[in-house]
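> Listed here are the chains, written in short residue letters.
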Amino acid sequence: MIVILKPNPDKGQLESLISWLQGKGIQIHTSLGTSRMILGLVGDTSMLDIDLISALDIVDDVKRIQEPYKNANRKFHPDDTVISVGGTQIGGGNLTLMAGPCSVETEDQIVEVAKAVKESGATMLRGGAFKPRTSPYSFQGLGAEGLRLLELAKQETGLPVVSEIMDASQLPLFENVDVIQVGARNMQNFNLLKVLGAQDKPVMIKRGLASTYEEWLMSAEYVMASGNENVILCERGVRTFETYTRNTLDIAAVPVLRHLTHLPIIVDPSHATGRSALVAPLAAGAVAAGCDGLLIEVHNDPAHALSDGPQSLNPEAFDRLARKLVALHVFMRDLVAAQ
Amino acid sequence: MNVGIVGLGLIGGSMAKSIKNRTAHIVWGADLNAETMTLARLSGAIDAPLSDENLRACDLLLLAIRPNAALEWVRANADKIEARTIVVDLCGVKRVVCSAIAPIAKMHGFAYIGGHPMAGRERSGFVSSGIDLFSGASMILTPNERTDMQTLETLKSFFTDIGFAGLTFSNPDEHDRIIAYTSQLAHIVSSAYIKSPEAQLRRGFSAGSYRDMTRVAHLDEDMWTELFLDNADYLSEQLDILIGHLNEYRAALGAQDAERLRALLRDGREKKATAGGN
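Listed in order, the protein sequences are those of chains A and B. Going by numbering that gives the first Met the number 0, the first residue of the first sequence is number 0, and it counts up by one from there. Going by numbering that gives the first Met the number 0, the first residue of the second sequence is number 0, and it counts up by one from there.
These are computed hints drawn from the structure, not numbers from a lab. Be aware that a few hints might be false.
Unchecked claim - Here are the simulated lysine-lysine pairs, PhoX-like style, with alpha carbons at most 20 Å apart: (1) A:Lys117 to A:Lys323; (2) A:Lys117 to A:Lys74; (3) B:Lys79 to B:Lys105; (4) A:Lys23 to A:Lys62; (5) A:Lys10 to B:Lys105; (6) A:Lys23 to B:Lys194.
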């Protein structure tokens with residue numbers, strides 16, 4: 000349920016309403032919109048009398064929220080959530096380019112890629128240390144050592160880093176990681192989501208291979224309900240009947256989520272297609288559709304990458320793409336502003 | 000809950016009887032008429048007279064007297080009303096009453112909210128009151144900037160417990176504007192309608208339409224004079240609208256214009272269909 004207040008509500012009456020709601024065991028999430036304040040009510044709101052609340056002088060409107068996700072719902076929070084990470088802003092009309100190798104392999108590799116992608120305009124460095132691979136015989140990532148190398152690259156370039164966590168027990172190792180990524184396969188690992196909700200680093204949740212928008216938003220809700228409102232959503236393609244591409248990028252997710260949620264929406268064209276030749280067109284499509292950023296795999300030697308080489312761009316290709324994407328983002332923003 | 004009722008006429012008496020009949024609340028009542036007080040005590044509509052002492056123990060105070068009298072009563076007794084008491088006036092006009100009582104309530108710290116039960120009877124006084132006057136009726140409340148959820152919750156359960164179908168929320172201005180039409184104009188029309196000389200010859204010539212049109216002509220002229228004057232602006236607007244429409248019918252008749260007359264009647268039938276109500 001949301002309670003939309005009139006502009007400049009009387010403080011005494013607002014406090015009285017809040018304490019009355021809290022007395023009923025309702026949790027209140029306050030959102031200060033551009034024009035008016037919205038109280039998002041979470042809990043057993045079925046016993047609340049909408050007519051009585053509407054009768055209060057400070058209340059403009061009261062609505063029940065049908066969707067099971069509340070904190071993630073745009074109705075709770077009409078303005079875009081903007082997440083600040085080490086000087087870069089994610090969401091709210093910014094284009095965040097997260098680039099880097101699928102896996103951190105060596106110090107030289109990660110530092111070289113980090114420098115290159117920064118030069119091209121990337122604002123965050125990605126790099127996997129813990130890798131959820133389909134085969135147990137595949138390279139599993141460098142683990143703690145990978146995170147250490149990632150930190151070296153961060154120190155070298157100043158780029159904030161995003162890396163995937165596979166298990167709640169790894170959390171202490173993520174102290175110097177700026178955004179913690181939850182991979183597609185862990186999207187519904189609710190215990191992990193709760194643990195990440197109880198800490199304060201932003202969490203980027205990749206869409207499960209066969210998850211609906213609602214299931215995905217419910218995963219975000221898990222993190223938010225546990226106290227961490229800094230959640231980023233990442234579309235990375237879903238499983239369909241098509242085998243030519245690794246997954247099918249659901250570009251509709253961008254405008255759909257834009258409508259349903261206030262959280263930033265990132266698109267990963269690398270995992271979505273599994274083919275480096277398709278990264279550029281789909282990245283452009285995602286920017287045109289209005290995403291808040293892209294997660295792109297860049298490797299200094301894709302042919303010899305220990306994981307996902309076929310979908311990685313080399314730094315030169317990323318450079319050409321990044322410049323196009325920034326220009327496209329500006330063009331789209333002006334186009335939307337002109338309408 | 001301890002409920003004090005000031006005025007035990009049709010509305011106050013019916014409140015007292017409904018409360019005693021349907022709830023376990025204690026009712027203390029006051030009325031200027033000694034006979035009414037005796038009747039109220041004998042019939043069990045009140046537990047005891049409302050006094051300066053038990054006034055301080057009231058959780059809810061209902062003012063079922065005329066607007067001016069209600070203001071006078073609140074002015075005279077405000078310092079005896081505790082901050083935890085909820086005061087609700089039941090007057091038929093709200094702007095005059097609410098704008099005068101609200102500042103007094105704020106100064107003394109008690110909760111005040113305007114009210115108007117949408118029920119009545121053409122006869123007045125305690126003898127006309129009954130336990131079922133409010134059954135299924137709507138209770139209008141006009142919350143203000145000091146009204147809190149606790150007050151609204153208390154009032155909702157109180158009024159539904161004594162038979163009201165539910166609460167209708169409004170503000171004094173909207174209330175007076177709408178009531179000028181739904182209630183006040185109807186009383187004036189009824190009063191004017193009965194003045195035709197033919198009214199005295201109606202026996203054997205009348206049925207439902209005469210009965211419906213004249214029911215509220217049995218009004219209490221003292222009360223309605225005050226209510227009309229307190230809402231003169233909106234009521235005059237409604238009268239002008241009505242007179243304008245009456246003139247349209249008169250003109251169509253004078254011109255023997257069947258088309259115009261039919262159109263006027265059809266328009267009225269369609270408006271009744273969308274407005275609803277019996």
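> Hint by hint, note whether the structure agrees.
Do the hints match the structure? See the list:
{"no.": "1", "hint": "A:Lys117 to A:Lys323", "verdict": "15 Å, holds"}
{"no.": "2", "hint": "A:Lys117 to A:Lys74", "verdict": "36 Å, violated"}
{"no.": "3", "hint": "B:Lys79 to B:Lys105", "verdict": "14 Å, holds"}
{"no.": "4", "hint": "A:Lys23 to A:Lys62", "verdict": "18 Å, holds"}
{"no.": "5", "hint": "A:Lys10 to B:Lys105", "verdict": "16 Å, holds"}
{"no.": "6", "hint": "A:Lys23 to B:Lys194", "verdict": "58 Å, violated"}
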